Every structure is written in C-alpha cells, then in structure tokens.
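Enquirer: Sequence:
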Amino acid sequence: MALQCPACGQARLVIQASVELPPDHRSDERTIQALRCAGCDFTAIGRYEESRRGRLDDESWFHLGYPAPPEAIATLKRLASACPNPRKPRCKCSSHRRLDRALDEDDSVLPGVDWSHPFAIQLA
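Numbered according to my numbering, the sequence shown spans residues 12 to 135.
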C-alpha cells in the first residue's frame with residue numbers, strides 16, 4: 012500500500028511494522044505502525060483507530076502519523092518482532108503492553124515521537 016509522505020509528497024511512505032492493540036474507551040480497533048519513506052527517509056509512527064460505536068451507519072476512523080526519530084522506529088520494529096502474534100489485539104506479551112502505553116503518548120516507550128504535530132496519512 013503506497014501512502015503519501017508529508018515531507019517529500021511522494022507516494023513512498025511504507026508501513027514497515029505494525030501491531031494491533033486492544034480496544035480502548037474510544038476505539039474498537041487500534042494499530043500502531045512504524046512508517047518510513049523510501050524516497051526521503053522520513054520516519055514516523057502511524058496510529059490507525061476505528062470505532063463502530065453508536066448507530067450502524069456511524070462508523071468512524073482516523074489514520075494519523077507522528078514524526079519520529081529512526082531510534083523510535085527501530086524500537087517499535089524490535090517490539091513488533093518480539094511479539095508472538097502482532098495481529099492479535101488481546102495478546103498479553105510485554106511488547107503489546109508497552110506499545111499500548113506508547114499510544115497513550117508515554118514518551119518512555121518510544122522517545123522522541125512528536126505527538127504534538129500529527130499529520131493525516133493519505134493513500135497516494
């Protein structure tokens with residue numbers, strides 16, 4: 012899947028790793044992703060959330076990115092590869108627990124992520 016890079020505008024932003032996390036108070040589906048542009052080497056953390064709460068025709072979702080240093084991407088990729096089942100939202104492994112805290116913007120998990128400047132992730 013080609014995503015548009017916010018830094019260079021090219022359709023070369025790729026998901027390098029992802030982990031599905033359990034639902035929270037807001038969303039039924041949550042995924043954290045390691046993103047990297049193959050064109051300009053821009054790196055970011057992706058956050059996909061989807062909610063099916065409310066009326067049947069009231070499904071909502073968002074896919075945001077947060078600029079992140081390469082070290083944060085390496086940590087996310089390491090945690091994803093250490094998980095026995097990254098596509099199982101209710102996995103109880105330490106990687107899932109830590110990445111769940113990361114989406115709560117716990118800077119101790121993925122240091123350097125710029126949670127204050129999200130950008131919309133768009134298909135190219």
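Any given hint might turn out to be false.
Pairwise CB distance ranges (calculated) [as the list claims (entries may be wrong)]:
(1) Gln133 <-> Arg112: 33 to 39 Å
(2) Cys51 <-> Lys99: 29 to 35 Å
(3) Ser119 <-> Pro81: 16 to 22 Å
(4) Ala49 <-> Pro95: 17 to 23 Å
(5) Arg63 <-> Gln21: 30 to 36 Å
(6) Lys103 <-> Gln21: 37 to 43 Å
(7) Lys88 <-> Pro33: 19 to 25 Å
(8) Gly20 <-> Arg112: 31 to 37 Å
(9) Ala18 <-> Cys104: 30 to 36 Å
(10) Gly123 <-> Pro34: 26 to 32 Å
Note that these hints are calculated values from the structure, not bench results.
Every value quoted in this text rests on a predicted model; they were computed, and no experiment measured them.
Idealized CB from N, CA, C, for every residue including glycine.
Enquirer: Now tell me, hint by hint, if it's right for this structure.
Expert: Taking the hints in turn, this is what the structure says about them:
no. : hint                          : in the structure
1   : Gln133 <-> Arg112: 33 to 39 Å : violated, 27 Å
2   : Cys51 <-> Lys99: 29 to 35 Å   : holds, 33 Å
3   : Ser119 <-> Pro81: 16 to 22 Å  : holds, 18 Å
4   : Ala49 <-> Pro95: 17 to 23 Å   : violated, 29 Å
5   : Arg63 <-> Gln21: 30 to 36 Å   : holds, 33 Å
6   : Lys103 <-> Gln21: 37 to 43 Å  : holds, 39 Å
7   : Lys88 <-> Pro33: 19 to 25 Å   : holds, 21 Å
8   : Gly20 <-> Arg112: 31 to 37 Å  : holds, 33 Å
9   : Ala18 <-> Cys104: 30 to 36 Å  : holds, 33 Å
10  : Gly123 <-> Pro34: 26 to 32 Å  : holds, 27 Å
The structure does not agree with the numbered hints 1 and 4 stated previously, though it agrees with the rest.
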